[in-house]
Amino acid sequence: MKSGNVVVLVFLIFCFLFSPAYADVIEPGQKNVPIYYVLENINDYPQYVFLLHGSPSPDLVVLNSSSFTFYKFSTARIYLSKKSDFNPAAIEKMNFTQLDSYFNNNSKVSKSDLELEAIYETFSESSPLENVTIILKIVSVNPLKIEKSRIIYQYQNGKTDQQNYNQQNTTPPPSTPVPDNLFLYYTLIPILAALIIISILVYRRYR
Amino acid sequence: MIFDFILTSLALTVVVEATLWWIILRDKPLKIVGYAVLINFLTLPLAQFTYFYLLNNLFFLEVVVVLVESLLIMLLFQIKYPKALYVSILANLASAVLGLWWVYSL
Numbered sequence: 151m152k153s154g155n156v157v158v159l160v161f162l163i164f165c166f167l168f169s170p171a172y173a174d175v176i177e178p179g180q181k182n183v184p185i186y187y188v189l190e191n192i193n194d195y196p197q198y199v200f201l202l203h204g205s206p207s208p209d210l211v212v213l214n215s216s217s218f219t220f221y222k223f224s225t226a227r228i229y230l231s232k233k234s235d236f237n238p239a240a241i242e243k244m245n246f247t248q249l250d251s252y253f254n255n256n257s258k259v260s261k262s263d264l265e266l267e268a269i270y271e272t273f274s275e276s277s278p279l280e281n282v283t284i285i286l287k288i289v290s291v292n293p294l295k296i297e298k299s300r301i302i303y304q305y306q307n308g309k310t311d312q313q314n315y316n317q318q319n320t321t322p323p324p325s326t327p328v329p330d331n332l333f334l335y336y337t338l339i340p341i342l343a344a345l346i347i348i349s350i351l352v353y354r355r356y357r
Numbered sequence: 010m011i012f013d014f015i016l017t018s019l020a021l022t023v024v025v026e027a028t029l030w031w032i033i034l035r036d037k038p039l040k041i042v043g044y045a046v047l048i049n050f051l052t053l054p055l056a057q058f059t060y061f062y063l064l065n066n067l068f069f070l071e072v073v074v075v076l077v078e079s080l081l082i083m084l085l086f087q088i089k090y091p092k093a094l095y096v097s098i099l100a101n102l103a104s105a106v107l108g109l110w111w112v113y114s115l
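Taken in sequence, the protein lines are chains A and B. FYI, in our numbering the residues of the first sequence are 151 to 357. FYI, in our numbering the residues of the second sequence are 10 to 115.
Just so you know, the hints here were simulated from the structure itself, not pulled from any lab data. As the structure is a prediction and not an experimental result, all values here were calculated from the model. Please note that the accuracy of each hint is not assured.
Label pairs and their in silico Cβ distance ranges [said to hold, decoys possible]: (1) B:F68 <-> A:N255: 44 to 50 Å; (2) B:T17 <-> A:K233: 55 to 61 Å; (3) B:L63 <-> A:N237: 46 to 52 Å; (4) A:N237 <-> B:W111: 53 to 59 Å.
What the simulated footprint calls covered on chain B by chain A, stretch by stretch (three residues with Cβ under 8 Å from a Cβ of chain A suffice, anywhere in the stretch; the number is not a length) [claimed, not checked]: (5) 52-60; (6) 78-85.
Glycine included, C-beta positions come from ideal geometry on N, C-alpha and C.
Kindly produce the complete structure, drawing on both the sequences and the hints.
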């Protein structure tokens, strides 16, 4: 085999080895960007208790107006119970099976259709995106309906970028999340380099 | 932190690629360094921007960078395209291996 072919082969093998990994384990140099959730109008329903239950965790979290998140590999749902029906002491004593039954086979507990995830995406560690917060809105309690209202992208430089949800299944992307000081690096330097290269080539062509 | 990352990656890429180009092409060192700076100042910021914000796919980006750099190497050094492609693949392979080693060791 010619040496040129060997180089191409090695290059292709290398590229396939380091193409995006979708395993659960985070790669060095990468970071998970977590999602925080806020139930914005939870205080409009003082007679109800909003609960978070997920698999494999959390078992039970009583929600309030503060932001919440959960274990990165879990998926979770929001449940609803009347305050008068809610007995936290009894729930704490339940084992996994009883807890699952409490949430899923219980006429006194309503389940939201919305499945929540804890990780927005995995990025390079140098990515300026720090976290995202999804603002949830309780549309109705009977039946329980919760919708994603808006998403707030939070960057390391303190900037935030808020986008509204037009469709529940489509997360609105951030407007270009480039910090101002890096914008020059990403635009001016390549443009200058391109101009100099073109100048060299044009000069050679017509001298 | 992000500036450290950008400056180090830029310097590392230019040094590695210029060294490999010099080993293969045996041209004037100053000319090689100058072209390495120009070509990498064009491709690296765009590749990093694409990787961070648009497409998190190292394989695709490496292939595009290799193709763009091979064309520029051919034009600037006035050599035949197969040799330019060979130089570009080797140089980008080396800089990617070193870059990944550096990122993994952070």
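Structure-based check of each hint:
1. Between F68 of chain B and N255 of chain A the Cβ separation comes to about 47 Å, which falls inside the hinted range of 44 to 50 Å.
2. Checked against the hint of 55 to 61 Å, the pair T17 of chain B and K233 of chain A passes, with Cβ atoms roughly 56 Å apart.
3. Roughly 51 Å separates the CB atoms of L63 of chain B and N237 of chain A, a value that falls within the hinted 46 to 52 Å.
4. One distance hint, 53 to 59 Å for the beta-carbon pair N237 of chain A and W111 of chain B, holds here, with the actual separation near 56 Å.
5. A count of 6 residues in the segment 52-60 of chain B with a Cβ less than 8 Å from any Cβ of chain A is obtained; the coverage claim is therefore met, three being the minimum.
6. Residues of the segment 78-85 of chain B with a Cβ under 8 Å from some Cβ of chain A number 3, which satisfies the need for three, so the listed coverage holds.
Comparing the model with each numbered hint stated earlier shows that all of them hold.
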